[in-house]
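Same order as they appear, the protein sequences are chains A and B. Each residue of the first sequence is one higher than the last, beginning at 1 in this note's numbering. Each residue of the second sequence is one higher than the last, beginning at 1 in this note's numbering.
Worth flagging that the hints you see were computed from the coordinates, not collected in a lab. Keep in mind that the hints are not guaranteed to be accurate.
[Unchecked claim] Computed beta-carbon distance windows for the label pairs: (1) A/151 / B/26: 26 to 36 Å; (2) A/341 / B/173: 54 to 64 Å; (3) A/163 / B/196: 42 to 52 Å; (4) B/114 / A/163: 49 to 59 Å; (5) A/312 / B/109: 28 to 38 Å; (6) A/130 / B/15: 29 to 39 Å; (7) B/15 / A/151: 36 to 46 Å; (8) A/133 / B/270: 34 to 44 Å; (9) A/136 / B/109: 52 to 62 Å; (10) A/136 / B/135: 53 to 63 Å; (11) A/310 / B/196: 47 to 57 Å.
Positions of the beta carbon are idealized from the N, C-alpha and C atoms, including for glycine.
If you want the building blocks of each chain, they are given just below.
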Amino acid sequence: MATLALSNLTKAWSGKTTVHGIDLEIPDGAFVALVGPSGCGKSTTLRMIAGLEEVTAGEIRIGDRVVTHDEPRDRGVSMVFQNYALFPHMTVRDNIGFGLKMRGVAKDEIRRKVEAAAETLELTALLDRRPNALSGGQRQRVAMGRAIVREPKAFLFDEPLSNLDAQLRGQMRAELKKLHQSIGTTTLYVTHDQVEAMTLADTVVVMRDGRIEQAAPPAEIYRNPATKFVAGFVGTPRMNFSEAEIVDGPALRLDRGPVLPLPPALAARPGMTPGRRVTMGLRPEHVGAAVPGTPDGPGIVEARVELVETLGAETLVHVRLGTAPICAKLGPFAAAKEGETVRLELETSEIRLFDTETERAL
Amino acid sequence: MSTMVTEGRRSSIAPRVASYLLMAIMAVLALYPLVWMALGSLKSGGEFYTNIWGLPADPQWRNFPDAWVRGGLGIKFLNSAIVTFGTLAITLPVTSIAAYAITSMDFRGRSLAYGALLLGIMIPFGVTAIPVFSVIAQLGLLNTRLALVLVYSAQAVAFSTFLMCAFFQSLPAEIEEAARLEGCTRFSAFWRVMLPLARPGLAAQAVFVGTTAWNEYFLASLIIRDPARETIPVGLVSFTGRYATDYPALFAALTMATLPLLALYLLAQKQFVAGLTGGAVKG
């Protein structure tokens with residue numbers, strides 16, 4: 001196990017920079033998820049750490065050793081690929097033991113370690129099968145077995161669950177979490193699935209256009225996103241946004257919409273002067289149905305229902321406040337119909353504000 | 001209702017029957033010359049002309065040992081085997097490594113190298129025969145089997161590398177990357193992981209290159225003068241005379257010359273077909 005540190009890590013392809021000087025330190029034993037939309041540079045970053053891509057500038061340190069230009073085999077990391085990358089001509093046993101064999105480990109030792117790994121991953125009965133005789137989930141476990149058996153300094157996962165169906169993905173996610181808890185190896189996990197990132201990682205790093213937007217624990221990322229992008233990327237359904245203006249109070253007037261009180265902590269911030277343009281963010285779970293009989297007041301609004309999505313455990317009701325489309329997450333089978341007017345209660349204490357120009361949180 | 005079902009069944013059977021019919025015609029076209037050669041090799045000289053298309057009335061099995069002795073086929077088989085295996089021994093490793101480098105390594109001039117391969121495939125051999133002969137003569141390799149091995153290998157390199165490139169391109173890059181992370185150098189990743197996976201490509205290449213080298217006549221007749229170093233295609237000429245040709249003996253010799261190729265193809269058939277279709281679809 002080791003810390004993994006990236007310093008000013010940069011990647012450029014024929015003059016076009018795709019990773020812009022990333023700085024990141026992953027403590028020994030931590031589980032960090034790199035998350036972001038396609039093309040944000042997360043996989044390129046992971047591949048640079050693995051040694052599969054040349055580094056244009058910057059430094060990679062694993063433990064106390066700088067490995068920026070080392071060969072992949074000399075970095076002491078294991079990687080699990082999206083398509084498993086098992087060796088089709090080898091049995092499960094040979095696949096798992098391949099790395100040990102390449103490092104000259106004695107045959108008895110290889111057998112012992114392979115069998116131990118197979119037992120951990122419930123692969124013992126499959127050891128003499130070839131990859132084409134395994135299901136997707138079994139192949140993924142073999143790929144993990146190959147990764148853990150070498151006892152690497154760090155694990156690198158490149159969207160390892162994205163080829164699995166939803167049910168198996170959930171199961172494998174839980175197994176991955178248990179595995180990390182039991183072996184505690186430093187892990188960097190790339191995914192575009194925010195649920196995987198939020199459930200697995202100690203720290204979530206959100207990337208956009210080759211830059212880190214925010215690196216923080218999952219709850220912090222969710223509750224206090226550093227930018228509008230992070231706020232919109234994390235959370236399903238995504239956070240509601242509305243362009244707004246600070247008015248006297250200070251309070252917030254949504255464009256052609258209601259005036260909402262600002263939470264005291266936000267109101268006390270410097271720069272909350274009337275006339276300032278901002279973007280308001282409010283998560284769908286903070287927009288609820290007003291309890292019948294609740295008098296009009298701050299945060300109580302009426303809106304016409306545009307769309308209702310019944311998901312079973314919850315009902316998503318889409319309305320429009322002023323010019324902004326707003327999604328409200330209501331209880332199961334909430335009685336709302338398209339075209340009707342509903343009374344909603346906004347939890348104004350949960351409002352987040354973002355600078356319209358920089359999109360950074362205020 | 002039943003009429004509709006019957007009609008539907010009929011319409012689904014018709015294309016199948018047509019396709020089987022087409023395949024049967026193609027199979028007859030491909031196999032009949034072989035069958036005709038084998039049948040002709042069992043006829044007597046007289047029967048060959050009187051019964052050209054039919055089965056031999058009295059199979060002349062002795063045509064085979066006669067042709068073997070008369071044509072001195074033993075040494076010619078050996079020469080052809082040396083030339084063919086020599087060519088394969090150079091071509092298979094050289095083109096596999098070249099194709100692996102072109103497909104998996106990022107180096108300056110990679111596109112140029114790939115383009116040069118295409119150029120190599122496009123130039124017909126007849127155009128280069130005289131320069132090749134001249135180079136062989138200057139190297140002092142005239143009348144040697146080594147000359148044939150070198151020229152056949154050089155001729156095969158472009159197409160074989162191209163074929164192997166297509167094959168390596170069809171393998172997911174992550175497999176090689178996984179091997180390198182697991183402790184392989186570039187070469188050991190090629191040797192231990194990529195090359196075994198490219199076996200169908202190697203088999204296809206072995207059949208193509210082996211068949212070409214085994215059957216080649218023109219260059220062998222130019223370079224080889226000594227009957228003891230002649231390959232089979234050159235040796236078969238001895239059965240044709242200015243005024244008369246002993247067709248049953250020639251066909252017996254041809255049948256014997258074809259057998260090793262048939263055996264090679266049958267052995268590599270499964271891999272060969274996979275090799276030809278490898279890379280056709282994304283895996």
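Status of the hints after comparison with the structure:
1. A/151 / B/26: 26 to 36 Å: Violated - the Cβ-Cβ distance for residue 151 of chain A and residue 26 of chain B, about 58 Å, lies outside 26 to 36 Å.
2. A/341 / B/173: 54 to 64 Å: 57 Å, holds
3. A/163 / B/196: 42 to 52 Å: Because 24 Å falls outside the window, the suggested range is violated.
4. B/114 / A/163: 49 to 59 Å: Taking Cβ atoms as reference, residue 114 of chain B and residue 163 of chain A lie about 31 Å apart, which means the hint is violated.
5. A/312 / B/109: 28 to 38 Å: 60 Å, violated
6. A/130 / B/15: 29 to 39 Å: 36 Å, holds
7. B/15 / A/151: 36 to 46 Å: 59 Å, violated
8. A/133 / B/270: 34 to 44 Å: 18 Å, violated
9. A/136 / B/109: 52 to 62 Å: 40 Å, violated
10. A/136 / B/135: 53 to 63 Å: Since residue 136 of chain A and residue 135 of chain B have Cβ atoms about 56 Å apart, the given range 53 to 63 Å holds.
11. A/310 / B/196: 47 to 57 Å: 54 Å, holds
When each numbered hint is compared with the structure, violations occur for hints 1, 3, 4, 5, 7, 8 and 9.
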